[in-house]
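If you count the sequence shown from 1, you need to add 262 to reach my numbering.
Treat each hint with caution, since some may be false.
[Claimed, not checked] With a Cα cut of at most 27 Å, we get these calculated DSS-like pairs of lysine-lysine:
1) K361 - K279
2) K305 - K295
3) K277 - K361
Since the hints were made in silico from the structure, they are not lab data.
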Amino acid sequence: AVNDLPGFIWAHSDKNKHIYGPGNSFELQFIKKTSGTTAWAIKYKLPRISVSFLYSDFGKPNLTGKAYSIIPQFEFGIIRKPHAELNFKLGTGLGYLTKIFDAQDNYKNTTIGSPLNLAFQAMLVYHHRIYKNIELNAGFGLMHFSCGNIRLPNLGINYPSASVGFSYFLSNPYQRQIPKMDSIHQKM
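Construct the entire structure; sequences and hints are all you get.
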């Protein structure tokens, strides 16, 4: 999947109001649709498993810079129709931020103290199949970057965003029948 995520840095504290501003992220996502051959896939109603590579431009190159992230994710189905799905996507991975707090060169960036960060993403995503193996994607969610208090400051960056894009699958991603758990799967 390829997705565009326009959004903004949300100033969630008086200490970082000055970093508020529009930005944009791009996501390259590799998705595998589970088929129901394992107990957990049946239990969670055939989730999608993915790994996303994200590039984020926070709109203030000298203050907040850019972020590069890799995030493994799960998408859990909320509503399924023959040609559409509404899913909840959740993932945590690593992010690298190009601009961090520096007492001399970047003292106004009071949000991040380390270039290596936890990268978190949660989204509601709507998928609509337009052809056998092609679907349009739209959604909204939140990305969060935090260095986990390894180095101060650590207010973190919150990035709410919309999402629009498309996916191409090698095989039909819309398997409608969730298999029933047999006695072997139930013991697992």
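Now for the hints, and whether the structure bears them out:
For the hint pairing K361 with K279, the CA-to-CA distance comes to about 17 Å; that is within 27 Å, so the pair holds. Taken as a hint, the K305 and K295 pair is honoured in the structure, with Cα atoms around 14 Å apart against an allowance of 27 Å. Among the hinted pairs, K277 with K361 is consistent with the structure: their alpha-carbon atoms are about 17 Å apart, no more than 27 Å.
Comparing the model with each earlier hint shows no violations; every hint is respected.
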